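*Asks:* Make a model of the complete structure from these sequences and hints.
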Amino acid sequence: MASVNRSLDLNQDLDVNLNLSEFCKNIMKDVAQRTDNKSMQEVENIYEQRCLKILKNIDKTNIHNLPEPQKCQYLQTIAQFVLELTYIDECKLVEEEFPPEDPTTFSRVMFIIDTLSRVDNLAQLLLPNKSILESLGPDILECLHWRKGALFYMYCHTLNAKQEPSGFPDHYQKCLENGVEHLKSLLCTRNKPQWLRMVDGQVCDREYEEDDHTFLLTEGLYSDIHLLALMYCGELCYWLIQHSIRPEHSPVTEVVSSDTSSFPTSQGKPELNVDSRTINWDVYRQTGQACLKVYIKSATGPLSPGGWSTNRAEEIINYLNCH
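For what it's worth, my numbering labels the leading residue of the sequence shown as 1, then goes sequentially.
It should be emphasised that the hints constitute simulated quantities derived from the structure, not laboratory data. A couple of the hints might just be wrong.
Taking lysine-lysine and the DSBU-like style, the derived pairs with C-alpha atoms no more than 35 Å apart in a straight line are [unchecked claim]: (1) 25 x 174; (2) 174 x 56; (3) 92 x 174; (4) 162 x 71; (5) 92 x 53; (6) 53 x 25; (7) 130 x 184; (8) 130 x 53; (9) 130 x 162; (10) 162 x 56; (11) 293 x 162; (12) 25 x 130; (13) 174 x 53; (14) 29 x 56; (15) 56 x 92; (16) 184 x 297; (17) 174 x 162; (18) 92 x 25; (19) 53 x 293; (20) 71 x 56; (21) 53 x 297; (22) 71 x 130; (23) 192 x 71; (24) 192 x 56; (25) 184 x 92; (26) 71 x 25; (27) 53 x 162; (28) 53 x 71.
Just so it is clear, the structure is predicted and the values come from calculations on it, not from any experiment.
*Replies:* See below:
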C-alpha cells in the first residue's frame, strides 16, 4: 500500500487538523500492517483513496474554527470510514472462526476494538463540550457499541465451543464483562430500556403491555440488531455466572483486573494490574434474566414474523433461575 505523505503547518490553530490527520494516517498504517491477503489489496486501495480524500479536506480547512455542526460532519465521516475499514479485519476473523489455537486471535480482536475506541477519543478532542452521542449521532454510536460488543461475544462464543473451561485464557472474564457493557450501552443509546431500569432498581410505572409498538420502543428495540443484542447480552451474562461458580472463583464477589489494563493495545502486550473493584454476580444474573425475558416476549410477540428462535434463551433463563 502506498504511503500517505503530506506536510502540515504546526501552528496552534491547526492542532486539531494535525490530530485528525495523524488519526487517519495511523489507522491506515495499522490496517496495512495486518493485511497479508493479496485478494484484499484492491479493497485496501479503495479505502486508501478515501482516506486521502479526507486528508486533503483536512489540509485545506481550518477545522478548529469551524462551527460545531461542520465539525460533527468531519467526525462522522471519519467514524464511518473507521467502521467500514475495520470491518475487513472482522470479516476475516469470522471467516476463520476466531481460531482459539492461534495466539494472535485475541490481539486481532483487541486491535479492532482499540481502533473503534479511538473514534471516541477523537470526538472528545474535537468537540470537548459535546457528548459523544451529540457529536457522532445515535446511529454511529450504536454501531460502535454493537461492533465492540459483538466482537467480544463472538470471541467468547468460540472459546466456549472449542475449549474446556480449564483452558480459558486469563482475559476471558474481562471479555465477558466488557461485552455486556458495550451491548448495554448500545441498548441505552437512545433511551434506557425499562428492563434495565428495573435491574438498576429504578421506578418504572409506564404501562405498555397492550401496545406492541410502545413496548418495543420502551424496551429499546429499534431494529433486529437491538433484539440480537439482547440475546448476546443474556448469553454473556450466562457465561459469567457459569464462570463465577467454578472452584477458583467466589460466588458473590471477586477482585479483578482494571477495565483496560488487562488487554493489549495495538502497541504492546497486556499489563495485568489489579484493582480493588468487586463484582456482584447477582447483577449479571438479573441482567441476563431480564434481557432474555424481553427477547422472548418480543420474539414470540410483535417480532414473531421474523422467525426468531427462543430455545436458547429459554434454556439460559432456566439455568439462571437455578444458579
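*Asks:* For every hint, state whether the structure bears it out.
*Replies:* Comparing the hints with the structure gives:
For a cut-off of 35 Å, the pair hint linking residue 25 to residue 174 stands: about 30 Å separates their Cα positions. For the hint linking residue 174 to residue 56, the alpha-carbon distance of about 40 Å lies beyond 35 Å, and the restraint is violated. Under the criterion of a C-alpha separation no larger than 35 Å, the hint pairing residue 92 with residue 174 is consistent with the structure, at around 23 Å. Note on residue 162 and residue 71: the hinted pairing is violated, with a Cα-Cα distance of about 46 Å set against a maximum of 35 Å.
Of the pairs offered as hints, the one joining residue 92 and residue 53 holds, with about 26 Å between alpha carbons and a cut-off of 35 Å not exceeded. Distance hint between residue 53 and residue 25 is fulfilled; the C-alpha atoms sit about 12 Å from each other, no more than 35 Å. Restraint check: the Cα-Cα separation between residue 130 and residue 184 comes to about 21 Å, which is no more than 35 Å; the hinted pair holds. With a CA separation close to 26 Å, the supplied pair residue 130 and residue 53 stays within the 35 Å bound.
Distance hint between residue 130 and residue 162 is unfulfilled; the C-alpha atoms sit about 44 Å from each other, more than 35 Å. Among the hinted pairs, residue 162 with residue 56 is inconsistent with the structure: their alpha-carbon atoms are about 47 Å apart, more than 35 Å. About 28 Å separates the Cα atoms of residue 293 and residue 162, which keeps this hinted pair within 35 Å; it holds. Only pairs whose Cα atoms come within 35 Å are accepted, and residue 25 paired with residue 130 is accepted, the gap being roughly 25 Å.
Restraint check for residue 174 and residue 53: the C-alpha separation of about 38 Å exceeds 35 Å, so the hint is violated. Of the supplied pair hints, the one linking residue 29 and residue 56 holds, its CA atoms being roughly 17 Å apart against a limit of 35 Å. Pair hint residue 56 plus residue 92 holds up; C-alpha atoms about 30 Å apart against a cutoff of 35 Å. Proximity of residue 184 to residue 297 is assessed by CA-CA distance (about 18 Å); at most 35 Å being required, the pair is judged to hold.
The hinted pair formed by residue 174 and residue 162 meets the criterion: a straight-line CA distance of about 19 Å does not exceed 35 Å. For the hint linking residue 92 to residue 25, the alpha-carbon distance of about 22 Å falls within 35 Å, and the restraint holds. Between the alpha carbons of residue 53 and residue 293 the distance comes to roughly 47 Å, so the proposed pair goes past 35 Å and is violated. Restraint check for residue 71 and residue 56: satisfied, since their Cα atoms lie roughly 15 Å apart, inside the 35 Å limit.
Of the supplied pair hints, the one linking residue 53 and residue 297 is violated, its CA atoms being roughly 47 Å apart against a limit of 35 Å. Distance check on the hinted pair: residue 71 and residue 130 sit about 11 Å apart at the alpha-carbon level, within 35 Å; holds. The suggested pairing of residue 192 with residue 71 holds, with an alpha-carbon distance near 27 Å, which does not exceed 35 Å. Under the criterion of a C-alpha separation no larger than 35 Å, the hint pairing residue 192 with residue 56 is inconsistent with the structure, at around 40 Å.
A distance of roughly 26 Å separates the Cα atoms of residue 184 and residue 92; the hinted pair therefore holds under the 35 Å criterion. The straight-line distance between the Cα atoms of residue 71 and residue 25 is roughly 19 Å, inside the 35 Å bound, and the hint therefore holds. A distance of roughly 43 Å separates the Cα atoms of residue 53 and residue 162; the hinted pair therefore is violated under the 35 Å criterion. For the given pair, residue 53 sits about 16 Å from residue 71 by alpha-carbon distance, which is consistent with the 35 Å threshold.
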